[in-house]
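*Asks:* Just need the whole structure built from these sequences, with the hints factored in.
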Amino acid sequence: MIILDALHAVMSVSVLTAVTVGSISGIIIGGMPGLTATMAVALLIPITFSFSPLIGLSLMGGVYAGAMYGGSIAAILLSTPGTPAAAATAIEGYPLTKQGKGGLALKVSVVASFIGGTFSVVVLLLVSPLLAQFALKFGPPEYFLLALMGLTGVISVSTGGLVKGIISGLIGLIIALIGTDAMSGVLRYTFGQVELYEGVSFMPALIGMFSIAQMLALTSEKRIANDDIDLSSIKREKMPKGMAPFIALGTAVGTLVGIIPGEGATIAAFVSYNMAKQKSKFKNLFGKGNPEGIAAAESGNNACVGGSLVPLLTLGIPGNTVSAALMGGLMIQGLIPGPELFTKYGQITYGFILSLFIANIVFLVVGLFFAPYFARIALIPASILIAAISVFAVIGSYAINNSMFDVGLMLTFAFTGFFLDKMGFSLSAIILGMILGPIAESGFAQALTISGGAYSIFFASVPAKILWVIIIILLVQPMISHYRSKKIKNTAS
Amino acid sequence: MSKKYIDITLSIFFIILAVLLYRSTASFPKSALFTTAVYIKFLASMLGIAGVIQLISSFMSDASVKVIFAKNPKKFFILILSLILYVWIIRYLGFIISTLIFLPVTMRYMGYHKFRKSIIISAGITLFVYVLFVKIFEIQLPEATILFGASL
Numbered sequence: 002m003i004i005l006d007a008l009h010a011v012m013s014v015s016v017l018t019a020v021t022v023g024s025i026s027g028i029i030i031g032g033m034p035g036l037t038a039t040m041a042v043a044l045l046i047p048i049t050f051s052f053s054p055l056i057g058l059s060l061m062g063g064v065y066a067g068a069m070y071g072g073s074i075a076a077i078l079l080s081t082p083g084t085p086a087a088a089a090t091a092i093e094g095y096p097l098t099k100q101g102k103g104g105l106a107l108k109v110s111v112v113a114s115f116i117g118g119t120f121s122v123v124v125l126l127l128v129s130p131l132l133a134q135f136a137l138k139f140g141p142p143e144y145f146l147l148a149l150m151g152l153t154g155v156i157s158v159s160t161g162g163l164v165k166g167i168i169s170g171l172i173g174l175i176i177a178l179i180g181t182d183a184m185s186g187v188l189r190y191t192f193g194q195v196e197l198y199e200g201v202s203f204m205p206a207l208i209g210m211f212s213i214a215q216m217l218a219l220t221s222e223k224r225i226a227n228d229d230i231d232l233s234s235i236k237r238e239k240m241p242k243g244m245a246p247f248i249a250l251g252t253a254v255g256t257l258v259g260i261i262p263g264e265g266a267t268i269a270a271f272v273s274y275n276m277a278k279q280k281s282k283f284k285n286l287f288g289k290g291n292p293e294g295i296a297a298a299e300s301g302n303n304a305c306v307g308g309s310l311v312p313l314l315t316l317g318i319p320g321n322t323v324s325a326a327l328m329g330g331l332m333i334q335g336l337i338p339g340p341e342l343f344t345k346y347g348q349i350t351y352g353f354i355l356s357l358f359i360a361n362i363v364f365l366v367v368g369l370f371f372a373p374y375f376a377r378i379a380l381i382p383a384s385i386l387i388a389a390i391s392v393f394a395v396i397g398s399y400a401i402n403n404s405m406f407d408v409g410l411m412l413t414f415a416f417t418g419f420f421l422d423k424m425g426f427s428l429s430a431i432i433l434g435m436i437l438g439p440i441a442e443s444g445f446a447q448a449l450t451i452s453g454g455a456y457s458i459f460f461a462s463v464p465a466k467i468l469w470v471i472i473i474i475l476l477v478q479p480m481i482s483h484y485r486s487k488k489i490k491n492t493a494s
Numbered sequence: 011m012s013k014k015y016i017d018i019t020l021s022i023f024f025i026i027l028a029v030l031l032y033r034s035t036a037s038f039p040k041s042a043l044f045t046t047a048v049y050i051k052f053l054a055s056m057l058g059i060a061g062v063i064q065l066i067s068s069f070m071s072d073a074s075v076k077v078i079f080a081k082n083p084k085k086f087f088i089l090i091l092s093l094i095l096y097v098w099i100i101r102y103l104g105f106i107i108s109t110l111i112f113l114p115v116t117m118r119y120m121g122y123h124k125f126r127k128s129i130i131i132s133a134g135i136t137l138f139v140y141v142l143f144v145k146i147f148e149i150q151l152p153e154a155t156i157l158f159g160a161s162l
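Top to bottom, those sequences are chains X and H.
Everything in the first sequence is counted per the numbering used here, starting at 2 for the first residue and increasing by one.
Everything in the second sequence is counted per the numbering used here, starting at 11 for the first residue and increasing by one.
The set of hints was computed from the structure by calculation and includes no laboratory data.
All C-beta atoms in this analysis are idealised placements derived from N, C-alpha and C, irrespective of residue type, glycine included.
It cannot be assumed that every hint is accurate.
Unchecked claim - No farther apart than 30 Å at their CA atoms in a straight line, the calculated lysine-lysine pairs in the DSSO-like style are these: (1) H:K76 / X:K423; (2) X:K138 / H:K51; (3) H:K13 / X:K487; (4) X:K282 / X:K239; (5) H:K14 / X:K488; (6) X:K423 / H:K145; (7) H:K13 / X:K423; (8) H:K51 / X:K466; (9) X:K423 / H:K81; (10) X:K423 / H:K40; (11) H:K76 / X:K488; (12) H:K13 / X:K488; (13) H:K51 / X:K487; (14) H:K84 / X:K487; (15) H:K51 / X:K423.
As the list claims (entries may be wrong) - Cβ pair distances, simulated, as ranges: (16) X:V123 / H:A133: 25 to 31 Å; (17) X:M240 / H:S71: 49 to 55 Å; (18) H:N82 / X:V22: 22 to 28 Å; (19) H:A133 / X:G140: 54 to 60 Å; (20) X:K466 / H:A36: 47 to 53 Å; (21) X:H483 / H:F52: 23 to 29 Å; (22) X:T344 / H:A133: 21 to 27 Å; (23) H:S71 / X:Q478: 20 to 26 Å; (24) X:T413 / H:V62: 24 to 30 Å; (25) X:P382 / H:S55: 48 to 54 Å; (26) H:V62 / X:A183: 27 to 33 Å; (27) H:Y102 / X:M480: 51 to 57 Å; (28) H:T19 / X:K280: 46 to 52 Å; (29) H:F147 / X:G140: 17 to 23 Å.
Said to hold, decoys possible - To list a few chain H residues with every Cβ distance to chain X over 12 Å, as calculated: (30) D17; (31) A73; (32) S74.
*Replies:* Laid out in C-alpha cells, this is it:
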C-alpha cells in the first residue's frame, strides 16, 4: 500500500517537474568537466530545503542520475570526461567519434546507462526494506562499527596511501567532536564561538571542498575540452548487436560496487571496463573504439547510483560523497536515514526511489534525441565557470542557515581542502568522517555505558563480528595491492 | 616545494594535535570520563600513531619530489584573494552589488577578456540567483548594510 501511495505522490506534476529539471540539470553539470555530481547536489540543498521532502529529494536524485550519465557525452564527443567516472568511456568513445561513429557511441552509452541505472534502482527497491528491517537488530556497538566500516571503505581507496587516508578520516572524526558533548552536555573545542555550539555543519565543508577547491584547481585550465570535432555532423545510429552481455556485466558489477562503502562510480566503471576487455572476442579493438567497453563502463557507473543509496537509506552510512551530499539533503528535511525511513516516512522514501526510475527515463529520452547539443556545454570557458560556481558556492553556504560564519567556514574548508588534496589526503574521507563522527561517538559511548566499560561488547554479537571481518578486509586489501605492485616494480627493475 | 618537507611539517602538526587532544580529556566532567573521553583518547591515539608512521615514511621519502599547487600561481592567488574580498564586501554591500563587482572582475583575471559580454553574463547570473533564491524560493540573501541600511 505504501508503494501505491508513493507512486501516486510521484505522479504529481510538481514531482515529475522536479525529476525532469533535476535530470536535465544533472546532464548539463555532468557534461561540464570540473563539475561533479557531489558539487551539484551540494549546491542544490540550500534551494531544496524550501520544498516538500519528496520534491526536494526527487530533484537531487534526478541530478545524481543525470550527472552520472551526462559525464559520458563530453567523454565520447570531446575526449574530456565530464566526471571521473566517465574516463573509461572516453577511451573507447572518442576513437569512435573520430571514425565518424559518435552517434553509435552515444546510443550505446545512453542505453547502457539506462539499463544499469534502472536495474540498480530495482535492487534498491527490493533490498533496502529488508536491510532496514535487519538494521533494527543493531545496537550502539554495531552502529559504532558501521560508522567505522563506512569510513574504512573510503580510506581503503584513497589515492594518497593508506596512512594518509586514515589521517584524513581521523581529521573528519575530530572536527565532528566540536560542539556540545551529547553525554555530559559540556561544550568542547568551541573556543567561545556561539556558532560552533551545535558543531561544525558539514554542508559548508562539503561545498567548500567539492566546489571552491575544484575551482582553484581549474585556474590552471584555459579551455577545459578539445573542440576539434564538428558536433553538427553527429548522426543518429542504431544500437549495435552483441551489447547485452557487456551491459549485464557492468550492471551487476556497478550495483555491487555501489553498495560497498567507499567504492564509487569511477571504480565501478573501470572494473566493468577491464572485465569486458577480458571477456571480449575483439580484445584488439579495445582502445581503438570498441562499443563493448562503453556498454560495460556506462552501465557500471550508472548502476552505482541505486547501489550507493542502499547503505545510505537503510543504515545512514553514505557510501560515497554524492550520497553524503544527499544525506545532507535528507537531514535538512528532518529525515534521519535508517529503518524509520521505510515505515514512518515510507511514502517519501519509496516516492524518492520511484522517482529515480523516472530520472532514468528522462535521461534516456534526452540522451537519445539531444546528446550532441549537450556536448557544447563543455566548451564554456573555465573563466566564466570559475566565477559563476564561486558565487553559487558562497550563496549556497550562506543560505542554509543565513550565516556569514558558514561562508567563512566554507572558504576555510576550501583552502585547507585544496592544500590537503594536493598533499595526497582524501577529502572524501574527511567529509565522511565529519558525517559519521556523531554516529560513531554516540555508538561508542552508549555501548560502553551499557557494558559498564567492557570493550568485549564490540565483539559480542554476530553482526558485530561480521562488521569486524569486513573492516579488516577493507584495510588489508589495499596493503596487499600495495605489496603486489611494489613486488612487480622490483621484478621489472 | 619539496613534498618531503611539507609532509614532515604536517606529520609533526598531527602528532602535536594528537597530544593536545589526548590531554584535553583530563578536564572532562565525570559523566564523560568513561564514555566520550575514552572515544576521544582512542581518536587521539590513532592520530598519534598514524602521524608517527607518516613522519617516518616522510623522512625516508625522496626529497626531490615537488608539489605543484598551481600551474598558474597568478590566477590561483587572485581567485583566493577575490573570494576573500567578495565574502568581506558582501557583508556591507549586500548580494547584488558585491556579486556585480565580483563576477566581471574575476572573469577578467581568470582570462575572459570580452568586457561587454562579461558584464551581460554577470548581470544574467546575478539576476538568475536573485530571482531563484529570493523571489521563487523566498530564501534571504545577504543585504546591503552600509549604503542604504536596507535590503539590496
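*Asks:* Next step is simple, just say for each hint if it's right about the structure.
*Replies:* Outcome of the hint check:
1. H:K76 / X:K423: holds, 11 Å
2. X:K138 / H:K51: holds, 29 Å
3. H:K13 / X:K487: Since the Cα atoms of K13 of chain H and K487 of chain X sit roughly 21 Å apart, the hinted pair holds (cutoff 30 Å).
4. X:K282 / X:K239: holds, 21 Å
5. H:K14 / X:K488: holds, 24 Å
6. X:K423 / H:K145: violated, 40 Å
7. H:K13 / X:K423: Within the cut-off at roughly 10 Å; holds.
8. H:K51 / X:K466: Given that 30 Å is the threshold and the Cα spacing comes to 24 Å, the pair holds.
9. X:K423 / H:K81: holds, 12 Å
10. X:K423 / H:K40: Status violated; Cα separation ~42 Å.
11. H:K76 / X:K488: holds, 25 Å
12. H:K13 / X:K488: holds, 24 Å
13. H:K51 / X:K487: The given pair, whose Cα atoms are some 34 Å apart, is violated under the 30 Å limit.
14. H:K84 / X:K487: At roughly 38 Å apart (the allowed maximum being 30 Å), K487 of chain X and K84 of chain H break the hint.
15. H:K51 / X:K423: Within the cut-off at roughly 29 Å; holds.
16. X:V123 / H:A133: 25 to 31 Å: The hint (25 to 31 Å, Cβ to Cβ) is violated, given that V123 of chain X and A133 of chain H are roughly 46 Å apart.
17. X:M240 / H:S71: 49 to 55 Å: holds, 51 Å
18. H:N82 / X:V22: 22 to 28 Å: violated, 35 Å
19. H:A133 / X:G140: 54 to 60 Å: For A133 of chain H and G140 of chain X the Cβ distance comes to about 57 Å; the hint holds.
20. X:K466 / H:A36: 47 to 53 Å: violated, 34 Å
21. X:H483 / H:F52: 23 to 29 Å: With Cβ atoms ~25 Å apart, the hint holds.
22. X:T344 / H:A133: 21 to 27 Å: The hint (21 to 27 Å, Cβ to Cβ) is violated, given that T344 of chain X and A133 of chain H are roughly 49 Å apart.
23. H:S71 / X:Q478: 20 to 26 Å: holds, 24 Å
24. X:T413 / H:V62: 24 to 30 Å: holds, 27 Å
25. X:P382 / H:S55: 48 to 54 Å: holds, 49 Å
26. H:V62 / X:A183: 27 to 33 Å: holds, 31 Å
27. H:Y102 / X:M480: 51 to 57 Å: The hinted range 51 to 57 Å holds for Y102 of chain H and M480 of chain X, with Cβ atoms some 53 Å apart.
28. H:T19 / X:K280: 46 to 52 Å: Since the Cβ atoms of T19 of chain H and K280 of chain X sit about 48 Å apart, the hinted range of 46 to 52 Å holds.
29. H:F147 / X:G140: 17 to 23 Å: Violated, at about 40 Å.
30. D17: D17 of chain H not clear of chain X: closest Cβ-Cβ about 7 Å, inside 12 Å.
31. A73: It holds; A73 of chain H is separated from chain X by about 15 Å at its closest Cβ, greater than 12 Å.
32. S74: holds, 17 Å
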